[in-house]
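Each chain, letter by letter, is given below.
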Amino acid sequence: MRIKVFIVLLLAAFVTGLFFVAVPAQAAEPIKIGALLPLADATGKDGSRSMELAVKQINAKGGILGRQVQLIVIDDELKAEKAAAALDKLCTVDNVDFIVGGMASGITMALIPGMKKYGKVVVWAGAAYSGVEKAMEGQDWFFHLHAWDYQQGAYYEKGWAEVKQKYASFKRDKMFMAYEEGAFGSGSFKGQKVLAENGKYEVQGEAFKSAAMGGGDYRSVLRHAKEFNPDQFIWVGYDKDALPMMEQAKEIGFSPLTFVGSPPAWPVDFAKQPLNEGVLLYSYWADTMKNVSRASKTYSDAFHKEFKDTPTTYFGPLCYTNIMILADAIKKAGTIDKAAVIKALETTNYPSPLGDTFVFKKSNVIDHQANSWPKFMQWQKGKLEVIWPWEYATAKMIYPFPAWDKRGKASATIEGEKKAVPAKDAKKDKVKK
Amino acid sequence: MLIPCGQYKPARNSSIRFRDLITMINSILSKFKQKNFLIGFIIIIAAIILVAIYKPNVLFEGLQRSALYALIALPMALLLGIVDIVNLAHGEFMMVGAYFAYFMNVQFGMDPIVAVIPALFLFFLFGILVYYITFKHIIGKEPLSQLLLGFGVGLVLAEGITVIATNFPRKLGLDYVSSSATIGGFTFGTFEFVYVAATIIILVGLQLFLKKTDTGQAALAVGQNPRGAKIVGINVQWIYLLIFALSIALIGAIGPLFGTRYTIFPGVGDQYTLKSFILVAVGGMGSLNGVVLAALILGMAETLVLSSLQYGKWADIIYFALIIGFILYRSHQRQVK
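So the protein sequences, as listed, match chains H and S. Counting in this note's numbering, the first sequence runs from 1 upward without gaps. Counting in this note's numbering, the second sequence runs from 1 upward without gaps.
Read the hints as simulated data drawn from the structure, not as lab findings. Each hint should be verified, as a subset may be incorrect.
Only pairs whose alpha carbons sit at most 27 Å apart, straight line, appear in this in silico DSSO-like list of lysine-lysine [said to hold, decoys possible]:
no., chain 1, residue 1, chain 2, residue 2
1, H, 361, H, 158
2, H, 190, S, 313
3, H, 174, H, 190
4, H, 61, H, 338
5, H, 61, H, 331
6, H, 362, H, 117
7, S, 313, H, 193
8, H, 174, S, 313
9, S, 55, H, 174
10, H, 61, H, 305
11, H, 332, H, 32
12, H, 226, S, 55
13, H, 226, S, 313
Sample of chain S residues with no beta-carbon within 12 Å of chain H, all distances over it, derived [stated by the list, open to error]:
no., residue
14, 49
15, 149
16, 152
17, 211
18, 230
19, 264
20, 272
No experiment lies behind these values; they were computed from the predicted model shown. From the three backbone atoms N, C-alpha and C, an ideal C-beta is built for every residue, glycine too.
Isolated chain S, as found in the complex (with noise of 0.2 Å):
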């Protein structure tokens, strides 16, 4: 079920009674969960402020690496949350489309941010395409047959752009992707707020179509019980087919974004599919803004943990922490219940 902004309703737990400590604790939880998006975000702004203080790197490249996180992670969620599909092939075409951009680029001398309004369009096609020939056919089938579609897509994809590029590592030389700016004699990188630019772009642009258009309530209705919406005469096949085309363009359009900063090799999307996966996880299936919030906490953590020379190497404990972490609240969750 997909969750846009301002419908995030935590379930009320209201037959609590305070028997005992233990019950006394579980309400305290509760209590905590009922607001616990706005006192998780306070407490973020509040760690977030601290940190600038004492790194303020930290505070920049933690913003841009999160926003990164969220922006890949994005196109993910909204599959997951109307269409009901781990598409784990959705690294493999962040890497097409910054291949495409690539190509752009040396062919036609077109710029990569360019390139974005172009593979917006070819990967919206393309989602439609790849749709039809394959996810069509296991849509509500169990989850093996979705993973190991996606895997199969995804290798073909990779192999695909080795046969015609070969696996030689690729990264165009870009002016303004080094750009920098130095305040009170601390220098930063700017270009990289081109993700939060990017994120915050896609985020609102989805709220907007999913709580505004008709087309967007149709897909949150179908996200929400397919069966429903049909008897009510939505077309769900439509809205299938019309989402998964919007989720590749996305991740198609975010390759060029992607490949400004970063060497681009057939495998470079790997990594990503399955960080995206944790964050829509620890975010809530298929919340938008759940997908940020979490993606900002592990940019951030990350981050922070690799502005430390001693314990730059054990940022990666991060990622794992968090799903550690994640794993252990919804079993707590469960219990509470």
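Bound conformation, chain H alone (with noise of 0.2 Å):
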């Protein structure tokens, strides 16, 4: 009888000790985050980086909760079915709690189904079209980083209209707009007519077949473009037609006072390039911004002592951005509770190696929009520098746009400033010169 006894008291003990055993053990499971990014494309390389940049120093600083922050980087090869089989994985066999990344809108159409479905808390980099906002209407745990297109749009006006209002012979009456024959071509061509009759200038436009899908002869839009003559003109299409785009003009001897291109991403040969000179860009982040602000200072040099390299495209400090403001939202959260993440979340007010400090807001549709506002650049010397906002000009424009045969020399900058700018806007993360 004693021995039974004491047999039940062993193994009653050895179940207990097993209970205590455990309960670490799961305290210990890391913190799972999902990323989709597109692997081969200079966005992806750069955003999948910066993530696992962002997730090793938190996992060195002790992780989140107590616990190590796993990070799940899938490859959507730029294709919607790749995107929602990786989707599915993510939140049924690897099991993750939070969804992150995104580059393309197209692909984050084809995600929305997939998203809705498992409704995990999503802190989306990427997706410009306003068509997905349209689709995320009411769901609470979607919060989007990047500006939608109309907000860009709008913000682009505003940008040209206080560099005119700066300087006296900064001219932008008549605009050319070349666009890819596709929805994102075709689309910002739309949204810019609405731009122009509201800001009272003249805009003529035609479409472009892009190299992507198997165009790359320019010769006639730059032709109509010339013949239009337009103070401004711009090209909005892919990466493939960065270059041959610049060479056919300088064939046909097209050159406009500004010059603008508006690609997603820049090719990786196109900062080697002469021709590139005195280009403009609408982008959100450059290298030289280490010299103006501090965080992306940081951002920089951590990059580049990590990986010996420097990013090329935004999407290295905005998926950056993306982990850090998600890994923040956690720990004030203290648990990853979806209710109690998405409160935190809410709350964010992140100072973002992109310049922005960012906070989230209602847009027109979705309620956690993030203000994150584009930057004219420029290529110079084979280096991006941002022209505008002003509080993170890190050098003057070329204006006008060097002339093909007039090059060689030293580029002229913008002349005929008409008052100093207020210093008031500048940012308090300014790196002092």
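Reconstruct the complex from the two isolated chains, following the hints.
Shown next as structure tokens:
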């Protein structure tokens, strides 16, 4: 009998012991973050590396809530069907707690049904197409970092108006937009026409077949632009169009006052090309911002230290911000419970390497839209310099765009400054030179 | 069957009877058919002159565009005419050639135009390898097998390049590609005349090879009747291998020329495979001159439409109109016969 009692007690002790051992084991399980990015694309490469960097920094400081963070990145290959399958895997096989990442609007559209089905907290870096916003109406778990297309358009107008206001020599009464014939380009032109009506300037546009779709000969469009004689020429296409567009503009001798390119990313070779001098573009970040923003410098230095490389697209700092915002919210919430994390995300106030301090506000449709804003940049001597907003400006604008037959000498910078820019908008994290 | 220059002899229709109006129309069409090449040529030249007066850029840029199309389609016409294979990996071989030139430039500073020469030799050997591994086994088999195999080879090449070089777009910055000339206030690009020169060289070279050499004549014989050629002692398998390797060598060497002007990425060849196939079909399966003529029609018409600000977006319709027109014409021909 005593032996039986002894065995029962021993078993009870063993089971109790197992229980105590199991609890810490459960607590040590990592917080899983699932990311979707196009890894063979420059945006995905910069984005995934920056996410890894952020996770490494977080884990080096002991993780979140005493748990390590595990990042699972899947390549969406810029294909809708692959992205949808990757989301399914993240949610069902990997059992991730949160979803981050994203780049292309079309891919995001394809992911929306899956996101709604799984209902996990999503902090989404990419997608500018406002159709995504409409599809996400009423989804309180969806937090969006990138500005929507209409927000970007309005912001560009604001920027050009400020440039015009500051410099007497700057002219933008006639604009020609060459746009790729897909949804991205034609949507941009549609929006530009509305902005031109409001801004009271003349706009002309023509579609072209992007090299990505089997095109690559832009001479007809460029000739029409040349005949129109615009003050500003903007092309909206892809990275594949960038260098041939410049070569063909040179070939037919087309050099408007401002030459703007608006691809989501620039090709790897573009920075090395002398033809890039004076080309303006819209972006959110350039490595030169480390000279004017402390957060940007910290990020750039850490990235360089980790990868011995420099990010070439703004998706680097954007994806870094993506992870940091989520990590801060989990810390604040003290749990990974969905409702608590949503509530904590709503109180986000994160000084991003992109320059902006990220807070979530209501946009036209969704409840959680971050206030990230694009900047005017210009290729100058192979580097991307920020031209506007003034508080992040790293160089003066080259203006007018240097004529093709007068290159080789130092390019003229914009003249005719009307007044000094008030310093009231300067951000707190600005690095004093 | 491959039809070299000077051997283009449309079939005569001597059995036409003038019984009613339809027969009369058929007769007129038949007469047109007899001289269609010459008439078509004269019409095209007249149209080109008119266009040149109206819009000179259409003449120059149309010619350059046509030359590029013809240049890419000619190796496919050669292969289809003799070996009777539709190579759906055609554009991918060109893409690999363009990457070869790109990396030769980046690593060794070799100019892409110079890279044409090593590309020619390397792709000849590569063609032999690909032939023995893949296409050799489907010659004479049903067309679906050929198409699937070509598609598969294309996929392997594109994915292979993605693994090696990623799918980042790449483009060499070459000063001479944006060279231009000005005549009477009209500025036009001059570099793309390289495509015109290359097309002439390949066309004339192939014609000479097929007409003036024993191997070329043997290849023509194999293209016309492989069984007959075998009976008279021609090594048909060797001809197949030679023509396949030659076709791959040519398209591989065109890659560097293509890459001078266009951005390259793993999927860049897709569109050109389809376009080349259509040009080969429209030009007459295997007719080298026909391919050049079809390319001239397509390139000039596309450029003409593109030159209109309002209707430029309809340029792609030319491509489809050409296919539809060709199918209707062939269908009509059958009815006349």
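Run the structure past the numbered hints and jot down the numbers of the failing ones, going up. Structure breaks hints 19 and 20.
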